[in-house]
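S.K.: The residues making up each chain are set out below.
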Amino acid sequence: DQQVKQNSPSLSVQEGRISILNCDYTNSMFDYFLWYKKYPAEGPTFLISISSIKDKNEDGRFTVFLNKSAKHLSLHIVPSQPGDSAVYFCAAPSGNQFYFGTGTSLTVIP
Amino acid sequence: GAGVSQSPRYKVAKRGQDVALRCDPISGHVSLFWYQQALGQGPEFLTYFQNEAQLDKSGLPSDRFFAERPEGSVSTLKIQRTQQEDSAVYLCASSLESSASVSAQYFGPGTRLTVL
Chain A
24 DQQVKQNSPS LSVQEGRISI LNCDYTNSMF DYFLWYKKYP AEGPTFLISI
74 SSIKDKNEDG RFTVFLNKSA KHLSLHIVPS QPGDSAVYFC AAPSGNQFYF
124 GTGTSLTVIP
Chain B
194 GAGVSQSPRY KVAKRGQDVA LRCDPISGHV SLFWYQQALG QGPEFLTYFQ
244 NEAQLDKSGL PSDRFFAERP EGSVSTLKIQ RTQQEDSAVY LCASSLESSA
294 SVSAQYFGPG TRLTVL
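Line by line, the protein sequences are chains A and B. Position one of the first sequence corresponds to residue 24 (the working numbering), numbered consecutively onward. Position one of the second sequence corresponds to residue 194 (the working numbering), numbered consecutively onward.
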């Protein structure tokens, strides 16, 4: 039972353009969401988060949008850079557990 | 180092062999988590420690999996009588806070376990 879903396994974007990564969730009790970035052979690293009391959080080139009614969040990266090429996971904590999506592999083409 | 470290980075085991995976969290971090990540999947929760107390082990897939954190710092995940389906990357993460809901976790690089 996948409570956090990322339906796009991969995405390719030209350098300088916007990357939009999507995430859907089923548990309406989730009230905090995080995005992690993962390079090969490394563990995930925290990127940006958003509380359910907000609908947007921005940090430099990264912005996360939350649509609670649709149970949907998205990560926007603009402008995209080749170093952004990685797998991106969205995650939501509940109790003592974190629920992760299956990840989206982003490739930024120079 | 300042980050979470895990050892070994790679482990190949024969089916039926016992393995022990080690995690050194960031110093002072209260919470420690273990995850299993299969190929092409996201990390899946195994167990959670708050200091030395194992508060949640609901994600452990069978009684062959056992985790401990006896002094509230280093943790070991032990898998007995390994099976091929145990092949995965095992990730350890720690966080400063005692609640998973309010802080981000810092992950180690993982241990890739391959069971032949």
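Everything labelled a hint here was simulated from the structure, so no lab data went into it. Among the clues, some could well be false.
[Claimed, not checked] Restricting the straight-line Cα-Cα distance to at most 25 Å, the calculated cross-link-like pairs of lysine to any residue (SDA-like) are:
no., chain 1, residue 1, chain 2, residue 2
1, A, K79, B, P254
2, B, K250, A, G118
3, A, K91, B, E237
4, B, K207, B, H222
5, B, K204, A, V110
6, A, K60, B, Q210
Computed from a prediction, not measured in an experiment: that's the story for all the values here.
S.K.: All the hints need checking, so say for each whether the structure fits it.
M.R.: Verification of the supplied hints:
1. K79(A) - P254(B): violated, 37 Å
2. K250(B) - G118(A): holds, 12 Å
3. K91(A) - E237(B): With Cα atoms ~24 Å apart, K91(A) and E237(B) stay inside 25 Å; holds.
4. K207(B) - H222(B): Given that 25 Å is the threshold and the Cα spacing comes to 34 Å, the pair is violated.
5. K204(B) - V110(A): holds, 23 Å
6. K60(A) - Q210(B): violated, 33 Å
The structure fails hints 1, 4, 6 (numbered hints given earlier, in ascending order).
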